[in-house]
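Protein sequence lines, in the order shown, are assigned to chains A and B. If you're matching positions, the first sequence starts at 1 in the numbering used here and goes up one per residue. If you're matching positions, the second sequence starts at 1 in the numbering used here and goes up one per residue.
By construction, these hints were calculated from the structure, which means they are not laboratory data. Bear in mind the structure is a predicted one, so any value in this text is a computation, not a measurement. Take these hints with a grain of salt, some might be off.
Where chains are identical, the list cannot tell them apart; a pair therefore holds if satisfied intra-copy or between any two copies.
Heads up, simulated DSS-like pairs for lysine-lysine below, C-alpha to C-alpha not over 30 Å straight-line [as the list claims (entries may be wrong)]:
(1) 15 x 201
(2) 155 x 145
(3) 93 x 201
(4) 93 x 145
(5) 15 x 155
(6) 15 x 93
(7) 145 x 15
2 protein chains.
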Amino acid sequence: MSGYFTNDDIVAMEKRRRTAFINSLSGFKSVSLIGTVAASGQSNLSIFSSVTHLGSNPALIGIVSRPGGRHSLQNILETGCFTINHIHPAVVKQAHQTSARYAPEVSEFDATGLTPEYHALLPAPYVSESVIKYGLSLVESHELKINGTTLVIGKVVEVFVPPACLLADGTIDLEAAATITSAGLDSYHTTSRITRLTYAKPNQLPQDMP
Amino acid sequence: MSGYFTNDDIVAMEKRRRTAFINSLSGFKSVSLIGTVAASGQSNLSIFSSVTHLGSNPALIGIVSRPGGRHSLQNILETGCFTINHIHPAVVKQAHQTSARYAPEVSEFDATGLTPEYHALLPAPYVSESVIKYGLSLVESHELKINGTTLVIGKVVEVFVPPACLLADGTIDLEAAATITSAGLDSYHTTSRITRLTYAKPNQLPQDMP
Numbered sequence: 001m002s003g004y005f006t007n008d009d010i011v012a013m014e015k016r017r018r019t020a021f022i023n024s025l026s027g028f029k030s031v032s033l034i035g036t037v038a039a040s041g042q043s044n045l046s047i048f049s050s051v052t053h054l055g056s057n058p059a060l061i062g063i064v065s066r067p068g069g070r071h072s073l074q075n076i077l078e079t080g081c082f083t084i085n086h087i088h089p090a091v092v093k094q095a096h097q098t099s100a101r102y103a104p105e106v107s108e109f110d111a112t113g114l115t116p117e118y119h120a121l122l123p124a125p126y127v128s129e130s131v132i133k134y135g136l137s138l139v140e141s142h143e144l145k146i147n148g149t150t151l152v153i154g155k156v157v158e159v160f161v162p163p164a165c166l167l168a169d170g171t172i173d174l175e176a177a178a179t180i181t182s183a184g185l186d187s188y189h190t191t192s193r194i195t196r197l198t199y200a201k202p203n204q205l206p207q208d209m210p
Numbered sequence: 001m002s003g004y005f006t007n008d009d010i011v012a013m014e015k016r017r018r019t020a021f022i023n024s025l026s027g028f029k030s031v032s033l034i035g036t037v038a039a040s041g042q043s044n045l046s047i048f049s050s051v052t053h054l055g056s057n058p059a060l061i062g063i064v065s066r067p068g069g070r071h072s073l074q075n076i077l078e079t080g081c082f083t084i085n086h087i088h089p090a091v092v093k094q095a096h097q098t099s100a101r102y103a104p105e106v107s108e109f110d111a112t113g114l115t116p117e118y119h120a121l122l123p124a125p126y127v128s129e130s131v132i133k134y135g136l137s138l139v140e141s142h143e144l145k146i147n148g149t150t151l152v153i154g155k156v157v158e159v160f161v162p163p164a165c166l167l168a169d170g171t172i173d174l175e176a177a178a179t180i181t182s183a184g185l186d187s188y189h190t191t192s193r194i195t196r197l198t199y200a201k202p203n204q205l206p207q208d209m210p
């Protein structure tokens, strides 16, 4: 198997092979469960591996929804809100299972056994089992011309994070929460910190933080 | 320290604390080095933690560029191309150091000691030290109304991946390449696979792949 691929090689790959290859090319992903509710009241829970920080002031997070995706995007556009819930090893199979194509009247909470949790500020459901979770209100969406994928941008409305996962400088210690990362279509990973590095300045190599 | 934060609490945080908090909220990130070249020929290398898979057919990857960011975005718009280079533990300090605000005439390759590598299809430089790297041509960009951040979308033109990092189904084994992930502003992590799970179907829990 060659180690060099042109776009022609990629286009010529069998579909499932190409999907596995390109999905793993971008590196480790921010994987979370997105909780939404339809105007009808039907709840939805779906695993997304495209959660992206877009700004801190205002606090903005993006997720990417594929065309022909399930009901998450439609629910977000209907109700103007969604929740993002971190995943830890004990719930990884249930989290992955939310990607199954259930009938429209089935809530992924019922189907997977994950527990919905509701809070006052938003109608969208949180995942009770998640250690870190946050709620967002829709502020903007962009449809990509080239493939119909939608970037959904939410502003952070509230955050739940255990005090034991907060470091002195405000950083959330994701390893203390056992938050996992994903790769490709189906691979899930724990992490081990190599280092935290000091703020980079010209003419001075970054130092390991004590 | 409380474990619950509303948007008002986030807005009221001291700036550096808020930046650390919100940057770590989204989970582990796809961190890579983005190589570009200006029309003048000046090369640029910059660490990005927002590399996102946007589609496999065509093969599309997005990166997010902050307003007032360095020269990467300007170079991509000028030359229509960029490279994405994975990071492994041996180069993490040099990779982090590319975020220092060097004078415009300084290439981050010279400043950090990382080695530029050129290939025929694109004028943008690759990072010789990176195990997995790929080149992209600009297809689309979207500026977020709310904060001026830009989503840059590239189509994959060529991929370099060692044959030893390719699994039988086309998946790239990121751990075989020692690709790292990042968290927050300054934290870098290796990973350990928990499992790969079979394709999810209703009424059947996913299985660990053999």
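Against the structure, the hints:
Only between protomers do residue 15 and residue 201 lie at most 30 Å apart by alpha-carbon distance; the minimum there is 19 Å, versus 45 Å within a single protomer. Proximity of residue 155 to residue 145 under the C-alpha cut-off of 30 Å is found in both arrangements, the shortest distances being 24 Å within a copy and 13 Å between copies. In this assembly of identical chains, the alpha carbons of residue 93 and residue 201 lie at most 30 Å apart only when taken from different copies (12 Å versus 43 Å within one copy). Taking the shortest alpha-carbon separations for residue 93 and residue 145, neither the intra-copy value of 34 Å nor the inter-copy value of 37 Å comes in at or below 30 Å.
Proximity of residue 15 and residue 155 under a CA criterion of 30 Å is satisfied inter-copy only: 17 Å between copies versus 36 Å inside one chain copy. In this assembly of identical chains, the alpha carbons of residue 15 and residue 93 lie at most 30 Å apart only when taken from the same copy (25 Å versus 38 Å across copies). Taking CA atoms no more than 30 Å apart as the test, residue 145 paired with residue 15 passes inside one copy only; the shortest distance there is 22 Å, against 36 Å between copies.
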